[in-house]
Amino acid sequence: MKNSLLFDFTLDKSTNTVFINREFEANQSLVWDAFTKQEILDQWWAPKPLISKTKFMNFEVGGRRFYAMVTPEGQERWSIQKYTSISPKTNFKMLNAFADKDENPELPGSEWDLNFSEQNGTTKVSIAIYNESLARLEKMIEMGFKEGFTMTLNYLDQLLASLKQ
Numbered sequence: 001m002k003n004s005l006l007f008d009f010t011l012d013k014s015t016n017t018v019f020i021n022r023e024f025e026a027n028q029s030l031v032w033d034a035f036t037k038q039e040i041l042d043q044w045w046a047p048k049p050l051i052s053k054t055k056f057m058n059f060e061v062g063g064r065r066f067y068a069m070v071t072p073e074g075q076e077r078w079s080i081q082k083y084t085s086i087s088p089k090t091n092f093k094m095l096n097a098f099a100d101k102d103e104n105p106e107l108p109g110s111e112w113d114l115n116f117s118e119q120n121g122t123t124k125v126s127i128a129i130y131n132e133s134l135a136r137l138e139k140m141i142e143m144g145f146k147e148g149f150t151m152t153l154n155y156l157d158q159l160l161a162s163l164k165q
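Note that our numbering gives residue 33 to position 33 of the sequence shown, counting from 1, and the numbers run on in steps of one.
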């Protein structure tokens, strides 16, 4: 990874939003696929030692992904991502919420807005995660979201480097 690649994680408590900007040394199409294809997502969408296990994914407006982050001991923490808007290769929005193993969401969740852009072979992913309350935002941060998602994006960076070879 180039040291010059952008990584920025900002909290805006006045709007209950987390802003993440991360650059990857890969083309936009490959980075888009890493966020939207189950077989690639499951390779990086969990901080180690957890692994991601998708039960099903239907990447279309109104579709959803139901997946678990699984501990080495086999404990599962399920989540639902419901896709609300898709502009191929440039943007998608989703609602994200923890759930039980039977797909019952633990509301409220958060609204994610992901934007993808490429310049000179470097793709920038800009993510805004809106929470309906400051309490929800603070709970997310207390649970280690910044550290876990930073680790997860670093795994994606390593995976993209291996996929380009």
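Treat the hints with caution; some may be incorrect.
[Said to hold, decoys possible] Computed cross-link-like contacts, DSSO-like style, restricted to lysine-lysine with a CA-CA straight-line distance of at most 30 Å:
(1) 146 with 93
(2) 164 with 139
(3) 13 with 164
(4) 53 with 93
(5) 48 with 93
(6) 82 with 139
(7) 89 with 48
(8) 101 with 124
(9) 82 with 48
(10) 164 with 101
(11) 164 with 89
(12) 139 with 93
(13) 89 with 53
(14) 55 with 93
(15) 124 with 48
(16) 89 with 124
(17) 37 with 53
(18) 101 with 53
(19) 139 with 53
(20) 82 with 146
(21) 55 with 146
(22) 55 with 101
(23) 164 with 37
(24) 124 with 37
(25) 53 with 82
(26) 55 with 13
(27) 53 with 124
(28) 93 with 164
(29) 82 with 124
(30) 37 with 146
(31) 37 with 101
(32) 37 with 89
(33) 139 with 55
(34) 82 with 13
(35) 13 with 146
(36) 124 with 93
Source of the hints: derived by calculation from the structure; they are not laboratory data.
Inset, instruction - Starting from the hint list further up, note which numbers the structure goes against and sort them upward. - result: 2, 3, 8, 10 and 26
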